[in-house]
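Asker: Given next are the chains, with one letter for each unit.
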Amino acid sequence: MTTLFAILFYLATALFVAGLAYKILDFARTPAPLSIPTTPAPTTRGGVVFRMCREVVFFESLFKGNLWIWTFAALFHFGLALVAVRHLRYFTEPVWSWVAFAQPFGMYAGFAIVAGLGGLWARRFLVERIRYISTVSDHLMLALLVLIGLSGLAMKFLTHTDIVGVKAFFLGLMRFDIQPLPDDPLLGVHLLLVATLMIVFPFSKLLHAPGVFFSPSRNQADNPREARHLAPWAAALEKH
Amino acid sequence: MAAPDAKAKVEAPAFREFATVPAIQPDATENIRSYVASDKIQEAIGFPGKLAEDWRETHDKAIGRMGELLERYRSLKVYLDACVHCGACTDKCHYFIGTNDPKNMPVARQDLMRSVYRRYFTPAGKWFPSLVGARDLTREVLDEWFTYYWQCSECRRCSVFCPYGIDTAEITMAGREILDSVGYGQKYSNEIIGKVHKIGNNLGLPGPALEDTLNGLEEDVKEDTDVDVKYPLDVQGAEVLLVTPSADFFAEPHIESLIGYGKVFHAAGISWTLSTKASEAGNFGMFIGNYDQLRKIALRVREAALELGVKRIVVGECGHAWRVAYAFWNTLTGIGAGANDPFAVELQKQLDPHYKQPSHICEVTWDLIQAGRLKFDKEANDGRIITFHDSCNVARASRMGDYPGGQFDIPRNIIKAVANNYFEMAPDTTREKTFCCGGGGGLLTDELLDIRVKGALPRMEALKRVVDDHGVNFMATICAICKAQFTKVLPYYGFKMGLVGGVHQLVSTAIHLGNEQ
Ligand code: HEM
Ligand code: SF4
Ligand code: SF4
Numbered sequence: 001m002t003t004l005f006a007i008l009f010y011l012a013t014a015l016f017v018a019g020l021a022y023k024i025l026d027f028a029r030t031p032a033p034l035s036i037p038t039t040p041a042p043t044t045r046g047g048v049v050f051r052m053c054r055e056v057v058f059f060e061s062l063f064k065g066n067l068w069i070w071t072f073a074a075l076f077h078f079g080l081a082l083v084a085v086r087h088l089r090y091f092t093e094p095v096w097s098w099v100a101f102a103q104p105f106g107m108y109a110g111f112a113i114v115a116g117l118g119g120l121w122a123r124r125f126l127v128e129r130i131r132y133i134s135t136v137s138d139h140l141m142l143a144l145l146v147l148i149g150l151s152g153l154a155m156k157f158l159t160h161t162d163i164v165g166v167k168a169f170f171l172g173l174m175r176f177d178i179q180p181l182p183d184d185p186l187l188g189v190h191l192l193l194v195a196t197l198m199i200v201f202p203f204s205k206l207l208h209a210p211g212v213f214f215s216p217s218r219n220q221a222d223n224p225r226e227a228r229h230l231a232p233w234a235a236a237l238e239k240h
Numbered sequence: 241m242a243a244p245d246a247k248a249k250v251e252a253p254a255f256r257e258f259a260t261v262p263a264i265q266p267d268a269t270e271n272i273r274s275y276v277a278s279d280k281i282q283e284a285i286g287f288p289g290k291l292a293e294d295w296r297e298t299h300d301k302a303i304g305r306m307g308e309l310l311e312r313y314r315s316l317k318v319y320l321d322a323c324v325h326c327g328a329c330t331d332k333c334h335y336f337i338g339t340n341d342p343k344n345m346p347v348a349r350q351d352l353m354r355s356v357y358r359r360y361f362t363p364a365g366k367w368f369p370s371l372v373g374a375r376d377l378t379r380e381v382l383d384e385w386f387t388y389y390w391q392c393s394e395c396r397r398c399s400v401f402c403p404y405g406i407d408t409a410e411i412t413m414a415g416r417e418i419l420d421s422v423g424y425g426q427k428y429s430n431e432i433i434g435k436v437h438k439i440g441n442n443l444g445l446p447g448p449a450l451e452d453t454l455n456g457l458e459e460d461v462k463e464d465t466d467v468d469v470k471y472p473l474d475v476q477g478a479e480v481l482l483v484t485p486s487a488d489f490f491a492e493p494h495i496e497s498l499i500g501y502g503k504v505f506h507a508a509g510i511s512w513t514l515s516t517k518a519s520e521a522g523n524f525g526m527f528i529g530n531y532d533q534l535r536k537i538a539l540r541v542r543e544a545a546l547e548l549g550v551k552r553i554v555v556g557e558c559g560h561a562w563r564v565a566y567a568f569w570n571t572l573t574g575i576g577a578g579a580n581d582p583f584a585v586e587l588q589k590q591l592d593p594h595y596k597q598p599s600h601i602c603e604v605t606w607d608l609i610q611a612g613r614l615k616f617d618k619e620a621n622d623g624r625i626i627t628f629h630d631s632c633n634v635a636r637a638s639r640m641g642d643y644p645g646g647q648f649d650i651p652r653n654i655i656k657a658v659a660n661n662y663f664e665m666a667p668d669t670t671r672e673k674t675f676c677c678g679g680g681g682g683l684l685t686d687e688l689l690d691i692r693v694k695g696a697l698p699r700m701e702a703l704k705r706v707v708d709d710h711g712v713n714f715m716a717t718i719c720a721i722c723k724a725q726f727t728k729v730l731p732y733y734g735f736k737m738g739l740v741g742g743v744h745q746l747v748s749t750a751i752h753l754g755n756e757q
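If you read the protein sequences in the order shown, they are chains A and B.
For the first sequence, the numbering used here gives the first residue as 1, with consecutive numbering after it.
For the second sequence, the numbering used here gives the first residue as 241, with consecutive numbering after it.
Watch out, some of these pointers could steer you wrong.
Here chain B is said to cover these stretches of chain A; the calculated rule only asks that three of the stretch's residues, wherever they fall, bring their Cβ under 8 Å from a Cβ of chain B [stated by the list, open to error]: (1) 18–29; (2) 58–69; (3) 134–145; (4) 153–160; (5) 178–190.
Rather than coming from a laboratory, the hints here were simulated on the basis of the structure.
All values reported here derive from a predicted model rather than from experimental measurement.
All C-beta atoms in this analysis are idealised placements derived from N, C-alpha and C, irrespective of residue type, glycine included.
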């Protein structure tokens, strides 16, 4: 059991890192030949960084677009961010002080995740337009995340798992020194689902996370009269 | 020739009491289709004349072209990958609002291509097509692309509200480019592009006709004002080259704005000229998403500027033309600043660095007003109760002045400087949230009239409110396509077609020409 999970996590991590790195490099090396920020847009690099922060932290455009989706999206993503921070304690020894500080908030963030996902999922059934655009994979992705959330919450609030043992397992993995994984079916399910999430990440719409940073309509400065934007393939046209 | 019964079917939707989102009505507009370009039109601009006999050949060519575009355009690649199907954009498109056809929801329009992208370019779509909504490229899919990519005006409204800024216009452009590359072009746009190359402008007005028109204008203005305002053509060494949409030379109400530009230059004492070679600001190369056409058409302006030796380049009232000029000319032709390569420097050392290159005519007029160089008799516009329609390409794809959003303020400032009665339309229909007129992006053709009328619904509703509340009788705009489209569709909603006009039409009415006493 322990060995199987060890292999699974090495594999999942490798696919996650390699797949994501490939996609990010691919986005980065593909040229954006024309200046196409959605205006009004900042005119300087600094302004663009500020705009991007607002998009990533507050989902500014979504806020303008749809308050319901924004509310559920915010619940889910902020919850996810807190929970992710909270999970760092399984990977650090001694636990970083800011991670320790975030622990109590992270505890309830799990509920925010599930509530946010519930709202997003409900929209896929209740709102005709969104039902129309939803694919099987949209539902599966939500199911996967909800199950991860529920199994995690169950371990925290229903049965208790041996978290000292879990930590030993993951620290061990990081040092290539395999330690026994506590024998708990719920934990097994939770970890299996997380590994699945890591594996599908680079092949799915979860690419929105790196994608947002590469979106030309959001990451370009509005300065085409002051600076000449020229992609290499476009510059080559000028040679003849 | 418009099919005679196509015309009879054109119907304006009823105004909605509340701006609720319509229930979807699948395939409501599947029969509204552009005319397909003939082989003559296609071949004249270097595209294959028609689809290959053998489907396999078309299929492979289309997928191949898609692969090339994915390498060339980061926008396409990122946008096809990043959408989470959140649905925030679903109710933002005027064509969806006006037709209820779900394929006019921006994300659904993207999915027409995303489904094919997934199938051929992603592991998930190769192995689990039905899971991720991937599908093979078939003849039916290609037809669907042709229908629905020619029901998008590339207005970018959807991109404002998308959490990743996904711009459906970029997908539409790629779709049209792939269609052209397999010989499945749109008659309207490709015919116009052919005319630009052959004659110099979209309307196919040859040089002598242009000269006649301008002479006629001078006489008309003389008659009206008793002042010799000049409308010069091909004047070597003029300070300003004015590049304007060719509709300004003869269409109503466009020509009223052209008269206005001339009066502004006259009153300010700036020497200026139009050019036969660059007698078109419009650039339909953008609409069809073809970089080579976009560039070739833009290069005519560079050549004219170099030949005439002008110091400044100014663009007239046209939305997509201003996008191309403002955002793309520096890249395509070196009209701009900040370059260090020989191609662009050759032109940039000729242009006067004290001015923005290119400038919008509204920037020119507003600067002159601020400098106190223009005087107005505002009362001359008192018969008009005015509102302003932001054109999508100006609002969401360009700028005027020195700060983000100047493109909203400058035209309004001018209106308020030359007229007394001004009212805004509802804030969720103006500035960057403006609704397209319904005729942009290469849709301004008779066979698409039905979709154009329906797509105008949200703008017409907002207009109706200011007409009822404030008695508005003049909707000013700075786009040749908006002017033509509104002139045509206003009557379907019970308005007079003369309700639309240009900002410089208002300027023209009120300006003091200086030497009239
Ligand atoms: C830079 C980081 C990220 C940003 C800015 C971001 C932003 C967003 C936004 C704005 C939405 C649309 C609203 C919604 O449907 O919730 C969304 C959807 C979604 N995000 Fe993220 N996200 C990020 C990271 C992640 C990560 C790490 C995950 C998962 C592990 C994730 C999972 C999802 C899912 C599953 C959806 C779709 C929800 C649905 O089906 O309706 N996101 N994201
Ligand atoms: S660009 Fe405009 S017309 Fe096209 S899908 Fe988006 S909102 Fe609709
Ligand atoms: S708003 Fe953006 S991410 Fe959401 S469905 Fe539309 S295109 Fe996709």
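Asker: Check whether three or more residues of the segment 178–190 of chain A sit with their beta carbon closer than 8 Å to a beta carbon of chain B.
Answerer: Coverage by chain B is violated for the segment 178–190 of chain A (0 residues, Cβ < 8 Å).
Asker: Quick one: see if chain B covers the segment 134–145 of chain A, three-plus residues with Cβ-Cβ under 8 Å.
Answerer: holds (count 6)
Asker: Using a Cβ cutoff of 8 Å, are there at least 3 residues of the segment 58–69 of chain A near chain B, or does the coverage claim fail?
Answerer: This one holds; 7 residues, not fewer than the three required, reach chain B with a Cβ under 8 Å.
Asker: Taking 8 Å as the C-beta cutoff, is the stated coverage of the segment 153–160 of chain A by chain B satisfied by three or more residues?
Answerer: violated (count 0)
Asker: When I compare C-beta atoms, does the segment 18–29 of chain A have three or more residues closer than 8 Å to chain B?
Answerer: holds (count 3)
In summary, the structure is inconsistent with hints 4 and 5 from the numbered list given earlier, while agreeing with the others.
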